[in-house]
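Place chain B on chain A using the hints.
So the sequences go chain by chain: A and B.
For the first sequence, the residue numbers in the numbering used here are 314 to 598.
For the second sequence, the residue numbers in the numbering used here are 727 to 1150.
Keep in mind that the hints were calculated from the coordinates and are not lab data.
Glycine included, every Cβ here is placed at the ideal spot set by N, Cα and C.
Heads up, simulated DSBU-like pairs for lysine-lysine below, C-alpha to C-alpha not over 35 Å straight-line:
hint, chain 1, residue 1, chain 2, residue 2
1, A, 391, A, 538
2, B, 1118, B, 981
3, B, 867, B, 886
4, B, 886, A, 365
5, A, 534, A, 391
6, B, 867, A, 365
Ranges between beta-carbon positions, derived for each pair:
hint, chain 1, residue 1, chain 2, residue 2, range
7, A, 581, B, 1071, 55 to 65 Å
8, A, 345, B, 1066, 56 to 66 Å
9, A, 328, B, 865, 23 to 33 Å
10, A, 330, B, 1039, 50 to 60 Å
11, B, 1066, A, 369, 43 to 53 Å
12, A, 339, B, 905, 23 to 33 Å
13, B, 870, A, 345, 27 to 37 Å
14, B, 1078, A, 372, 53 to 63 Å
15, B, 879, A, 509, 40 to 50 Å
16, A, 485, B, 860, 29 to 39 Å
17, B, 955, A, 597, 36 to 46 Å
18, B, 1102, A, 512, 21 to 31 Å
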Amino acid sequence: MSSDAQPAAGTGVPTLVIEPSKGWAKLELRELWRYRELLYFLTWKNILIQYKQAVLGVAWAVLNPVLTMIVFTVIFNKLLHVGTGVYNVPYPVFVYAGLLPWNLFSGSLSSAGMSLVGNSNLITKVYFPRLVIPGSAVLSQLPNFLISFAVLCVLMAAYRVVPTWHVVFLPFFTLLALVTAMGVSLWLSALYVLYRDVQYIIPFLVQIWMYVSPVMYPTSKIPQKWMWFYSLNPMTGVIGGFRWALFGEQAPSSMFWLSAFMVIVVFVSGLYYFRRMERVFADLV
Amino acid sequence: MSTAIEISGLGKRYMIGAAQQRADTLRDAITNAATRPLRRLRHAGSSTGHVSTMWALREVSLDVEAGQVVGVIGRNGAGKSTLLKILTRITEPTTGRVEIHGRVGSLLEVGTGFHQELSGRENVYLNGAILGMTRAEIGSKFDEIVEFSEIAEFLDTPVKRYSTGMYVRLAFAVAAHLEPEILLVDEVLSVGDVAFQRKCLGQMGAIAGSGRTVFLVSHNMGAVRGLCSRVVEIEQGHLVADGPADEIVGNYVAKQLAGSGSVLDLPRPLGDPDELLITAVRVLDDEGETHGPFRSSQPIFIEIDVDVVRPNAAYQVGFDLLSGGGLVLRTWHTDGPPDDWPELTVGHTTLRSVIPPGLLNEGSYAVAPRADAYRSHWIVNGDEAIWFEVVKDHLDSPFSWVRNPGPLAPLLDWRTASSRGSTA
Chain A
314 MSSDAQPAAG
324 TGVPTLVIEP
334 SKGWAKLELR
344 ELWRYRELLY
354 FLTWKNILIQ
364 YKQAVLGVAW
374 AVLNPVLTMI
384 VFTVIFNKLL
394 HVGTGVYNVP
404 YPVFVYAGLL
414 PWNLFSGSLS
424 SAGMSLVGNS
434 NLITKVYFPR
444 LVIPGSAVLS
454 QLPNFLISFA
464 VLCVLMAAYR
474 VVPTWHVVFL
484 PFFTLLALVT
494 AMGVSLWLSA
504 LYVLYRDVQY
514 IIPFLVQIWM
524 YVSPVMYPTS
534 KIPQKWMWFY
544 SLNPMTGVIG
554 GFRWALFGEQ
564 APSSMFWLSA
574 FMVIVVFVSG
584 LYYFRRMERV
594 FADLV
Chain B
727 MSTAIEISGL
737 GKRYMIGAAQ
747 QRADTLRDAI
757 TNAATRPLRR
767 LRHAGSSTGH
777 VSTMWALREV
787 SLDVEAGQVV
797 GVIGRNGAGK
807 STLLKILTRI
817 TEPTTGRVEI
827 HGRVGSLLEV
837 GTGFHQELSG
847 RENVYLNGAI
857 LGMTRAEIGS
867 KFDEIVEFSE
877 IAEFLDTPVK
887 RYSTGMYVRL
897 AFAVAAHLEP
907 EILLVDEVLS
917 VGDVAFQRKC
927 LGQMGAIAGS
937 GRTVFLVSHN
947 MGAVRGLCSR
957 VVEIEQGHLV
967 ADGPADEIVG
977 NYVAKQLAGS
987 GSVLDLPRPL
997 GDPDELLITA
1007 VRVLDDEGET
1017 HGPFRSSQPI
1027 FIEIDVDVVR
1037 PNAAYQVGFD
1047 LLSGGGLVLR
1057 TWHTDGPPDD
1067 WPELTVGHTT
1077 LRSVIPPGLL
1087 NEGSYAVAPR
1097 ADAYRSHWIV
1107 NGDEAIWFEV
1117 VKDHLDSPFS
1127 WVRNPGPLAP
1137 LLDWRTASSR
1147 GSTA
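If we strip away everything but chain A, and leave its shape as in the complex, we get (with noise of 0.2 Å):
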């Protein structure tokens, strides 16, 4: 049946290997760069599809946010007296400006957790880089993203808060919460392929997190002692920094970047695990 093979060693003709993988898998950088299209069109989809099926669309993405604001405001800075720390701005902005980087990321977890098995027609009838799923359903909190921002600008011009020169770095921070929210995407959405009461630990999980992270708090209610601790959660850093970048007054401390190292950390061991994982999503999903 089988005749030796004649290996095509014809020049431009790409060739494709497949083998049983062994161990760590490789990054496939460049394989997941060919495949940008998708990343562009499945983001473009979910973003069509968002906004097509939710009837309040936009306003969903303006309401959200100001609704949880307002209940907070009256709840954290009305009832129990919490303040805004080092930051001179009314508590209202204070804690928008934690809740957008904030959003950005529970969000993240909570359609890009769901978006492998959601997704499991694609998985199971063709090939690409399955990182594109979580990627194109983190990418596509964008749009609420940005509008969400430009309510901030208005309740900033409201309050007549001025923004410090070091609002240039907003975008890093936003890049900063996007590989964050990637790098958990990644860990829990391989893992609800494999474990199915996985839908259940994510609103468990997004809830939680955001109590341990300084949403309605300023970071100095903080025991010093334990900051080194609290640090370990990449979302402190996150939002640090986003109302660094919007309020100024301190500098980053060396606790911000203990934070951002742990986004990284998140981050590449999540493309590890996942890419390790993604041999098996076909015959598991």
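Below, chain B alone, put in the same frame as chain A:
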């Protein structure tokens, strides 16, 4: 001639019972991890335990020359789809190696990634990208795709308002405009109406004729015969036959006939255990005998055993009657007016249909059971077929000892309508 696909020693092993063994929830995984040392102590020595494995594909080696059109045939569960899934990189092999020289396109399903809420236009771009086309490529072929699909006026309508036919047309139109050097195709020809099927076959034929390498997995013996120059047969994970299409298909059909008579013995029920299962299919004569050959002058009964798990008024159970040449005649248990439909209630039902006497010609025929939820989705998609043989004995003509061409031989009425000759 250069080699387009080199497959050597390819194998794929699945864990059976792994679903029970493997922790399905994180909770179990954690409990397992916590109690593992304890279990190790208790069952010292039997560490790997009772996980049994199944080779879906074993030691398959095959070379495909560039420009060859190769058909892969075999029963359901023989390993055809696993082979295709490895070649398309959807799943990884356990052993062996494949080298593919050239740009690969794969088509395991038409309309992969179509979204109900999106318009036809949006879905063309999305589906094209999923199939590996670049934006520029889709853009340049967009008009051709629309023309091929014949649904230009509904292009901006959400796909959810499309009929099944329109949906399939559009989906196939995108797929038919893939231009890879090597095309890997699964059973995708059995969709759409007859006219459109023919058009698709023509388009596939054009691809096959243009020097491209095609690797086609199919149950449609007619299509395999018509399109492929070479056919390989897979049985229980092994490659058991390889040769010219006519010879291999002929032997395969003969083997099916010689097999277990006209009872489709299913290794596992067909369908969805949450909805509806087809557990057996029988072809019987009027005395209840299942071995052929069947006489065309007698009724031939088709019995399908159905287990309904979840009731649904939209279920349709039926079968395709296929001739050896690939002609399809489809019938559903809901073909008549609603009052006449046999009832499908939860539990076990045997449906019986009859091929009337005096319809079939002499030859081999197959019955492929089907089930669907009307306009929603397939539950059994004609993947498994049962073959039987018919001898023609319903025509008394002294001339009918030769076999007329075609799958049907009904006795049609003939009389003189007018005559102008002299009667004297």
